[in-house]
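2 protein chains.
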Amino acid sequence: MRERIEAELKGLRQDLLTMAGLAEEAIGKAVKSLVARDPKLAEGVIQADKSIDQLEIAIDERCLKLLALYQPEAVDLRFIAMAFKLNNDLERVGDLAVNIAERVLDLIKEPPLKPLVNLTRMADLAQGMFKDSLDAFVRKDAGLARQVCLRDREVDELDHQIFRALLTYMLEDSKTITRSLSLILVSRQVERVADHATNIAEDVIYLVQGKSIKHHTKDLVAPPP
Amino acid sequence: MRERIEAELKGLRQDLLTMAGLAEEAIGKAVKSLVARDPKLAEGVIQADKSIDQLEIAIDERCLKLLALYQPEAVDLRFIAMAFKLNNDLERVGDLAVNIAERVLDLIKEPPLKPLVNLTRMADLAQGMFKDSLDAFVRKDAGLARQVCLRDREVDELDHQIFRALLTYMLEDSKTITRSLSLILVSRQVERVADHATNIAEDVIYLVQGKSIKHHTKDLVAPPP
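Protein chains in written order, with our numbering: chain A, 4 to 228; chain B, 4 to 228.
Source of the hints: derived by calculation from the structure; they are not laboratory data. Among the hints, erroneous ones may be present.
If several chains are the same, the list does not tell them apart, and a pair holds so long as it fits within one copy or across any two.
Unchecked claim - Think about it this way: if two alpha-carbon atoms lie no more than 20 angstroms apart in a straight line, the pair counts; the simulated SDA-like pairs of lysine to any residue are:
1. 32 <-> 177
2. 68 <-> 79
3. 68 <-> 82
4. 217 <-> 64
5. 68 <-> 50
6. 88 <-> 71
7. 88 <-> 98
8. 143 <-> 73
9. 13 <-> 178
10. 217 <-> 87
11. 88 <-> 195
12. 68 <-> 217
13. 112 <-> 167
14. 43 <-> 147
15. 143 <-> 76
16. 217 <-> 54
17. 143 <-> 85
18. 134 <-> 52
19. 178 <-> 168
20. 68 <-> 188
21. 143 <-> 58
Given the sequences, and given the hints that come with them, work out the whole structure.
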């Protein structure tokens with residue numbers, strides 16, 4: 004019995020890693036397509052989302068099967084519950100990549116607006132958070148997960164800065180309005196990637212410590228007990 | 004044993020309904036605060052989000068306890084898995100209400116932009132979808148859930164119309180830029196409420212029929228088999 008459940012859990016972990024890899028790749032390529040103004044790259048992101056969607060359904064089924072057939076306990080149970088949530092976050096990140104790619108296809112119809120320094124920095128941060136949240140999940144590393152949660156503020160701050168900068172652009176030159184607006188929406192999508200990374204990191208902490216820190220990120224500033 | 008699990012499931016259902024009521028109220032008040040330009044109403048939405056956040060954690064705990072202590076099977080198991088997901092959607096809808104309320108507090112610092120006809124219509128639609136998705140959950144009504152999924156397109160279409168109208172405003176009169184931008188972002192939040200309603204409805208269909216229709220909403224146009 005224990006061997007079979009171990010094998011099933013291993014399969015689930017493998018599926019989640021595949022899905023995480025696809026979501027990571029989608030976000031990476033979407034951001035790259037923005038910087039490189041590459042329509043083929045953007046279209047590739049939109050195409051590839053089908054695999055993510057299919058895998059989401061397969062992972063949900065696997066979780067339910069595991070719960071139904073093996074009646075797992077304690078740690079395994081928390082892991083499966085986490086898998087359910089992680090699966091959802093990964094699928095949404097895939098959708099955000101698609102939204103960014105669709106904006107890119109609009110943006111490249113017009114000349115570039117300005118060097119996207121802050122936006123690419125923010126995208127790097129969000130991608131880093133996402134990657135680290137997944138590493139924290141794989142390594143069951145609550146310390147790394149805690150760091151991810153703390154970094155969310157920096158992304159939020161950059162999002163605000165980008166918003167203000169682009170708003171100023173729009174106010175000063177109405178020819179930039181359409182492009183500025185698209186970039187504001189891209190920035191918002193990137194900010195949501197960071198939010199999903201934070202969700203994942205919170206769930207990792209819950210998985211490892213058995214205690215929810217959701218909605219208590221401010222408590223993270225103090226050194227861990 | 005069966006009696007105890009029934010009692011626990013009833014408690015879980017009750018918690019979900021409380022949470023759903025809070026989320027519904029939050030969205031309703033946020034939209035009302037936009038139309039009525041009422042800062043107190045908007046601030047109330049922001050304050051009330053704490054209760055939703057606390058309930059989210061309590062519901063997750065209850066689900067895990069149920070899984071661990073009673074090893075539920077088949078239908079009960081699908082219900083608990085659904086509760087997990089529903090809980091997440093409800094918490095996000097609460098967050099969207101907060102985002103809208105925050106935008107309202109900005110918007111009412113300036114004179115009103117224009118009668119918000121399309122936006123309030125879209126908000127009515129999204130709220131109706133959200134309410135119906137919850138009713139479909141309570142009554143295990145796959146037919147109603149299917150209708151909810153189909154209505155998402157109308158909301159998306161309105162969102163695009165609002166976007167284009169506000170973009171035109173911005174291009175024609177730069178004095179409207181800040182307000183138009185805020186309204187575009189509100190419209191986007193409302194559109195996401197409808198997305199969450201669609202998620203919930205898809206999960207209800209899964210719960211009732213044991214088959215995922217995720218990412219297959221186009222199949223819904225055909226009469227149900």
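Hint-by-hint comparison with the structure:
With identical chains, the CA atoms of residue 32 and residue 177 are never at most 20 angstroms apart, being 30 angstroms at best within one copy and 34 angstroms at best between copies. Taking identical chains as interchangeable, the C-alpha atoms of residue 68 and residue 79 lie at most 20 angstroms apart whether they share a chain (13 angstroms) or sit on different chains (13 angstroms). Proximity of residue 68 and residue 82 under a CA criterion of 20 angstroms is satisfied in both settings, with 14 angstroms inside one chain copy and 14 angstroms between copies. Only between protomers do residue 217 and residue 64 lie at most 20 angstroms apart by alpha-carbon distance; the minimum there is 12 angstroms, versus 26 angstroms within a single protomer.
Taking the shortest Cα distances, residue 68 and residue 50 never come within 20 angstroms of each other, neither inside one copy (29 angstroms) nor across copies (40 angstroms). Taking the closest pair of Cα atoms, residue 88 and residue 71 come within 20 angstroms of each other both inside a single copy (18 angstroms) and across two copies (17 angstroms). Taking identical chains as interchangeable, the C-alpha atoms of residue 88 and residue 98 lie at most 20 angstroms apart whether they share a chain (16 angstroms) or sit on different chains (17 angstroms). With identical chains, the CA atoms of residue 143 and residue 73 are never at most 20 angstroms apart, being 23 angstroms at best within one copy and 27 angstroms at best between copies.
For the homomeric pair residue 13 and residue 178, neither the shortest alpha-carbon distance inside one copy (54 angstroms) nor that between copies (58 angstroms) is at most 20 angstroms. For the identical chains of this complex, residue 217 and residue 87 are neighbours both inside a copy (17 angstroms) and across copies (15 angstroms), given an alpha-carbon limit of 20 angstroms. Proximity of residue 88 and residue 195 under a CA criterion of 20 angstroms is satisfied in both settings, with 16 angstroms inside one chain copy and 18 angstroms between copies. For the homomeric pair residue 68 and residue 217, the shortest alpha-carbon distance between copies (18 angstroms) is at most 20 angstroms, but the shortest distance inside one copy (28 angstroms) is not.
Only between protomers do residue 112 and residue 167 lie at most 20 angstroms apart by alpha-carbon distance; the minimum there is 17 angstroms, versus 24 angstroms within a single protomer. Proximity of residue 43 to residue 147 under the C-alpha cut-off of 20 angstroms is found in neither arrangement, the shortest distances being 35 angstroms within a copy and 40 angstroms between copies. For the homomeric pair residue 143 and residue 76, the shortest alpha-carbon distance inside one copy (18 angstroms) is at most 20 angstroms, but the shortest distance between copies (29 angstroms) is not. Only between protomers do residue 217 and residue 54 lie at most 20 angstroms apart by alpha-carbon distance; the minimum there is 13 angstroms, versus 30 angstroms within a single protomer.
For the homomeric pair residue 143 and residue 85, the shortest alpha-carbon distance inside one copy (12 angstroms) is at most 20 angstroms, but the shortest distance between copies (26 angstroms) is not. For the identical chains of this complex, residue 134 and residue 52 are intra-copy neighbours only, at 18 angstroms inside a copy versus 29 angstroms across copies, given an alpha-carbon limit of 20 angstroms. For the homomeric pair residue 178 and residue 168, the shortest alpha-carbon distances inside one copy (15 angstroms) and between copies (17 angstroms) are both at most 20 angstroms. Taking the shortest Cα distances, residue 68 and residue 188 never come within 20 angstroms of each other, neither inside one copy (39 angstroms) nor across copies (40 angstroms).
For a Cα distance limit of 20 angstroms, the shortest separation of residue 143 from residue 58 qualifies neither inside one copy, at 23 angstroms, nor across copies, at 26 angstroms.
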